[in-house]
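My numbering applies: residue 1 is where the sequence shown begins, and numbers increase by one.
Just so you know, these hints were derived from the structure itself, not from any lab.
Some hints could be false.
[Stated by the list, open to error] In silico DSSO-like cross-links for lysine-lysine, where the CA-CA straight-line distance does not exceed 30 Å:
1) Lys62 - Lys7
2) Lys21 - Lys7
3) Lys51 - Lys16
4) Lys51 - Lys21
5) Lys50 - Lys21
6) Lys11 - Lys62
7) Lys16 - Lys109
8) Lys7 - Lys50
9) Lys109 - Lys7
10) Lys40 - Lys50
11) Lys109 - Lys15
12) Lys40 - Lys62
13) Lys62 - Lys50
14) Lys11 - Lys51
15) Lys50 - Lys16
16) Lys51 - Lys7
17) Lys109 - Lys51
18) Lys53 - Lys40
19) Lys15 - Lys62
20) Lys62 - Lys109
21) Lys53 - Lys11
22) Lys21 - Lys40
23) Lys51 - Lys62
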Amino acid sequence: MAIIYEKIILKRINKKYQGIKNQFGFRTNSSCRHAVFAFKESVLFNRRQKKRKIGATIDASKAFDKLNRVNLGVKQRGPLSPLLFAIYIEQLSALLDTDPGGIIIGEIKINNILYAYDLLLFTEKKTTQDGKKCLNEKKNRPKWMV
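Between the sequences and the hints, there should be enough to build the whole structure, so can you do that?
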């Protein structure tokens, strides 16, 4: 019975919820191919500009496990879980968007690409050490990331 209610709620949320531009997972009409295309084209553009970027990947699948789903009434493998994770991870993406680094194509800045639980980050730092420092900074992180 709970699954039926979750599916009804999911359908209602999906009518209003647009998601974020750089999350390619958990969205209708979006796939891993779209994320790969965005990444590939960004890298090729950056290469043509002869600019150096540092990238890192993060598997955030365990991040959703930190939520107390019992209090929220959400099952780990329930129909609502992927959408709720996408909403949950938006805070991280918004924080990353405030960083001036990334790949700039015209008016568009790309510094993070998300597909489901995987994150791909770009930074403009000059050395690998600077890039690691930037990615490890705790300043202004959401509490769940610390």
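Quiz item: Which hints, by number, does the structure contradict?
Solution: 3, 8, 9, 13, 14, 15, 16, 21, 23
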